[in-house]
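Please model the entire structure based on the sequences and the hints provided.
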Amino acid sequence: MTTPSAKATGVLKPVLSAQDALADIPDGATVLIGGFGGAGNPVELIHALIDQGARDLTIVNNNAGNGDVGLAALIRERRVAKIICSFPRAASAHAFTEEYQAGRIELETVPQGTLAERIRAGGAGVPAFYTRTSVGTPLAEGKEIRAFDGRDYVMEHAITGDYALVKCLRADRMGNLTYSKSARNFAPIMCMAAKCAVVQTVELVEPGAIDPETVVTPGIFTGRIVHTPDAVQEQVLFEQGARYP
Amino acid sequence: MTTPSAKATGVLKPVLSAQDALADIPDGATVLIGGFGGAGNPVELIHALIDQGARDLTIVNNNAGNGDVGLAALIRERRVAKIICSFPRAASAHAFTEEYQAGRIELETVPQGTLAERIRAGGAGVPAFYTRTSVGTPLAEGKEIRAFDGRDYVMEHAITGDYALVKCLRADRMGNLTYSKSARNFAPIMCMAAKCAVVQTVELVEPGAIDPETVVTPGIFTGRIVHTPDAVQEQVLFEQGARYP
Amino acid sequence: MTPAADAAATAKPKKIGLTRAQMAWRAAQDIPDGSYVNLGIGMPELAALYVPDGRQVTYHTENGVLGFGEGPPKGEEDWDLVNAGKKAIGLLPGASIFHHADSFAMIRGGHIDLAILGAFQIAPNGDLANWRAGNEGIPAVGGAMDLVSGARQVWCITDHTTRAGEAKLMDACTYPLTGIGCVTRVYTDLAVIHVVEGRFHLKAIAEGITVEELQAKTASPLVVEGEIEVMAPPAL
Amino acid sequence: MTPAADAAATAKPKKIGLTRAQMAWRAAQDIPDGSYVNLGIGMPELAALYVPDGRQVTYHTENGVLGFGEGPPKGEEDWDLVNAGKKAIGLLPGASIFHHADSFAMIRGGHIDLAILGAFQIAPNGDLANWRAGNEGIPAVGGAMDLVSGARQVWCITDHTTRAGEAKLMDACTYPLTGIGCVTRVYTDLAVIHVVEGRFHLKAIAEGITVEELQAKTASPLVVEGEIEVMAPPAL
Chain E
18 MTTPSAKATG VLKPVLSAQD ALADIPDGAT VLIGGFGGAG NPVELIHALI DQGARDLTIV
78 NNNAGNGDVG LAALIRERRV AKIICSFPRA ASAHAFTEEY QAGRIELETV PQGTLAERIR
138 AGGAGVPAFY TRTSVGTPLA EGKEIRAFDG RDYVMEHAIT GDYALVKCLR ADRMGNLTYS
198 KSARNFAPIM CMAAKCAVVQ TVELVEPGAI DPETVVTPGI FTGRIVHTPD AVQEQVLFEQ
258 GARYP
Chain Z
18 MTTPSAKATG VLKPVLSAQD ALADIPDGAT VLIGGFGGAG NPVELIHALI DQGARDLTIV
78 NNNAGNGDVG LAALIRERRV AKIICSFPRA ASAHAFTEEY QAGRIELETV PQGTLAERIR
138 AGGAGVPAFY TRTSVGTPLA EGKEIRAFDG RDYVMEHAIT GDYALVKCLR ADRMGNLTYS
198 KSARNFAPIM CMAAKCAVVQ TVELVEPGAI DPETVVTPGI FTGRIVHTPD AVQEQVLFEQ
258 GARYP
Chain A
1105 MTPAADAAAT AKPKKIGLTR AQMAWRAAQD IPDGSYVNLG IGMPELAALY VPDGRQVTYH
1165 TENGVLGFGE GPPKGEEDWD LVNAGKKAIG LLPGASIFHH ADSFAMIRGG HIDLAILGAF
1225 QIAPNGDLAN WRAGNEGIPA VGGAMDLVSG ARQVWCITDH TTRAGEAKLM DACTYPLTGI
1285 GCVTRVYTDL AVIHVVEGRF HLKAIAEGIT VEELQAKTAS PLVVEGEIEV MAPPAL
Chain C
1105 MTPAADAAAT AKPKKIGLTR AQMAWRAAQD IPDGSYVNLG IGMPELAALY VPDGRQVTYH
1165 TENGVLGFGE GPPKGEEDWD LVNAGKKAIG LLPGASIFHH ADSFAMIRGG HIDLAILGAF
1225 QIAPNGDLAN WRAGNEGIPA VGGAMDLVSG ARQVWCITDH TTRAGEAKLM DACTYPLTGI
1285 GCVTRVYTDL AVIHVVEGRF HLKAIAEGIT VEELQAKTAS PLVVEGEIEV MAPPAL
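Protein chains in written order, with the numbering used here: chain E, 18 to 262; chain Z, 18 to 262; chain A, 1105 to 1340; chain C, 1105 to 1340.
If you're looking for bench data, these hints aren't it; they were derived computationally from the structure.
In this text, all values refer to a predicted model and were calculated from it rather than measured experimentally.
Incorrect hints may appear among the rest.
30 angstroms max Cα-Cα, derived DSBU-like pairs, lysine-lysine [claimed, not checked]: (1) C:K1190 x E:K99; (2) Z:K99 x Z:K160; (3) C:K1178 x C:K1191; (4) Z:K160 x Z:K212; (5) C:K1118 x C:K1321; (6) Z:K99 x Z:K212; (7) E:K160 x E:K212; (8) E:K160 x E:K99; (9) E:K160 x E:K30; (10) Z:K30 x C:K1191; (11) A:K1190 x A:K1178; (12) E:K99 x C:K1191; (13) A:K1191 x A:K1178; (14) Z:K99 x A:K1191; (15) A:K1191 x E:K30; (16) E:K160 x Z:K99; (17) Z:K30 x Z:K212; (18) A:K1119 x A:K1321; (19) C:K1178 x C:K1190; (20) Z:K99 x A:K1190; (21) E:K99 x E:K212.
What follows is a list of derived Cβ distance ranges for each label pair [unchecked claim]: (22) A:E1301 x E:V253: 53 to 59 angstroms; (23) E:D73 x Z:V32: 54 to 60 angstroms; (24) A:Q1133 x Z:H111: 39 to 45 angstroms; (25) E:V253 x Z:P43: 53 to 59 angstroms.
Per the computed footprint, the stretches of chain E lying under chain C, defined by three or more beta-carbons under 8 angstroms from a beta-carbon of chain C, are [what the hints assert, rightly or not]: (26) 49-59; (27) 97-105; (28) 123-131; (29) 140-150; (30) 153-167; (31) 200-209.
Glycine residues also receive a C-beta, built at the ideal position from the N, C-alpha and C atoms.
This is the structure in structure tokens:
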């Protein structure tokens, strides 16, 4: 007989190597990747994804990579069939620029706030919503326009991902996360919108070590944890002229 | 000549008495009121609103008040023309029950998550969105139903308020807020969705005293601050059988 | 006749079916390891008491807490920390707190693995009515409609019939619906029933009642295939 | 002839119009007290340097920071703390950090009082083109469309004409639009122009240029009513 108890413990998340954490990503997967500028790019996870070899990926990120590391390297290695982002253009985005000009990568340009809201909607079970953003511009072409209170809005659809790859500062074993300053950016909503969020964390702590009031991503949105205490900032790699692999 | 400088200080919020903070609420205003159960009800602000005298209010709250204090007292005093909430029924909601049965108050029952999302949409500039919630039920009657990926969803509209009345634990002079446990509930999204969010706070601190990583409501969403260090929990008042005024 | 059999013969007939606690216990045995669960007020929330030791379950409450447990003793409650039933709760290690829109993003977005709720009426197509018995009184829905349409699985714990003996499992609900096609399992005092492809599948039955007797209390055909468990809950 | 006049006569003609820093300065003088402001990359962000002392302004950046200021010196940057232009920034007392969806909720929800951006073309109906000059190259929009449709006011800081001398203020934009009916003011090297009810209203003009000369550089009629300020920026 089972003794009545409330001793069931909370859900712990697997702590894996980057290799194991990404092993099941299939060709053709949609992968949401956090980061904005140098802040929050999960460089170690992206490099592990390059090693893993998945192809024909659809990537969602605000940008299209810089230099020869991280997302730029993934693109250069021709693993990305399509990218959904707000700002793919940059002097240092030569990998994307080359692939785009050669017609080897599809681009969906989305206003940054619409991109964020579409991802948040994907995580929140909202299939579509209306926004004023892009009304009257080429980015609204082909989309439904609808008036509310006499103003036109464009209908936008949710974005979901098979996986998210994000970087955080601190994770507990139950997957609760906090971030470092503006490295937070897209990570919390990408964890929400992915079937499996793979999180690389600088610090790994026990449940209870993060004040419940300060948790940014509750563990329910975290799938797998990769402990990367020595993670390198993408901006630093870029300035060093690093190249992966 | 102005010397080039970046010395402009951030925006400070007025710290007022409850009376002054609510003085300009007109008859007919829509007022979003935080709180769920006993947690987070801005009792002192609601009592000041009773004293202020505004009538024909539309109130948005998860419930319809308990006992003879706070929102229940505002209803009993017949200041509320309409209430938008998810769960108006309770053994202790006699004020609402009487007014409702007498046909003196209009009720819009909204599923709790739809209520939360409509308020969040109001704050986020999203006029309407689709949700699965309530499809096929009486609460979807008269609303647009639309299929996405073969499933039906109902269109819901944003809720905005002229004012929000919420309670927090700690506010800095720039209006950054943190809350106490589940007293957080609707407050952050109501601050977003109101033209003027009036916040009663137990603690009032200087800018910089709240870690930027842990701010729950950024100051941009806060309109006015009322310092109520001795605020009483509604549940405690209710259990004491208190009555206001 | 042994003394025990003698006592049984002279006592009033043993009540057939599970107690409320036993119904919660039976559902609790099936809560999957590693799941995020939202328990409705009443019998559903009792289930937390009976989840087998060591099974990993995290509880969610609509009003913005993940990872809560039992509250402090009466008189020591912190009324800033309550669950959706407005009861005082406590935080377990690894808890997190968030606002209402984020809380329902968890629900609507399909992140809650399981919601266990009460029921007035359930139909074999998965339709559920549990928010109002007809159109009288004050319509109050709370988070029920969000939970039934958002959680990945929806189970109901309910008496098999009303107090008046009317069936709660029926071909089509007559009360206003809470959600359509949402219920996947039903735990009653008499049976465990899975709702699969528009039919009620009997999976377990209480001791002392036959399938025919159960069918008589069920206003929709029961599919009876394979082995049917005879429920053996502990005394609760 | 005085020595100074002599020097002026022999030097090349004094350049008419404001420098980039002066344009930013002129816009900064008008930033309202108590406002939340988002400054675009380039000349707009220079404006933060010239807001009059004591005026309360809080700066927002799309990537999730409110209340930032100048970054640390070169070599000491924290690359986890950048603005939308990917420059290292610093946090001022009272700063807050939030995720991208919350950041754009601030913008889309009308909570940002003022966005100041660059411009390729501006029409008197408030239409703005500032994200791509034609349909060539890689389409990259960033947060511009969200800002122009969400901020309560949208000001542009831009040279009055292109380097080739073509008008940027014109009857209708020919480049792909960033937003419709959004621009409320334009600060150029030659003028300050308010966009009101479908017309360009001249409010201030640079020293050394006549209204007629300004009109010749503007491909849409200027409304000239009331007193026109002659801009007197400091040397910057």
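Checked hints:
| no. | hint | in the structure |
| --- | --- | --- |
| 1 | C:K1190 x E:K99 | holds, 24 angstroms |
| 2 | Z:K99 x Z:K160 | holds, 20 angstroms |
| 3 | C:K1178 x C:K1191 | holds, 11 angstroms |
| 4 | Z:K160 x Z:K212 | holds, 27 angstroms |
| 5 | C:K1118 x C:K1321 | holds, 19 angstroms |
| 6 | Z:K99 x Z:K212 | holds, 19 angstroms |
| 7 | E:K160 x E:K212 | holds, 27 angstroms |
| 8 | E:K160 x E:K99 | holds, 20 angstroms |
| 9 | E:K160 x E:K30 | violated, 40 angstroms |
| 10 | Z:K30 x C:K1191 | holds, 29 angstroms |
| 11 | A:K1190 x A:K1178 | holds, 14 angstroms |
| 12 | E:K99 x C:K1191 | holds, 28 angstroms |
| 13 | A:K1191 x A:K1178 | holds, 11 angstroms |
| 14 | Z:K99 x A:K1191 | holds, 28 angstroms |
| 15 | A:K1191 x E:K30 | holds, 29 angstroms |
| 16 | E:K160 x Z:K99 | violated, 37 angstroms |
| 17 | Z:K30 x Z:K212 | holds, 14 angstroms |
| 18 | A:K1119 x A:K1321 | holds, 16 angstroms |
| 19 | C:K1178 x C:K1190 | holds, 14 angstroms |
| 20 | Z:K99 x A:K1190 | holds, 24 angstroms |
| 21 | E:K99 x E:K212 | holds, 19 angstroms |
| 22 | A:E1301 x E:V253: 53 to 59 angstroms | holds, 56 angstroms |
| 23 | E:D73 x Z:V32: 54 to 60 angstroms | holds, 58 angstroms |
| 24 | A:Q1133 x Z:H111: 39 to 45 angstroms | holds, 41 angstroms |
| 25 | E:V253 x Z:P43: 53 to 59 angstroms | holds, 56 angstroms |
| 26 | 49-59 | holds (count 5) |
| 27 | 97-105 | holds (count 3) |
| 28 | 123-131 | holds (count 7) |
| 29 | 140-150 | holds (count 3) |
| 30 | 153-167 | holds (count 4) |
| 31 | 200-209 | holds (count 7) |
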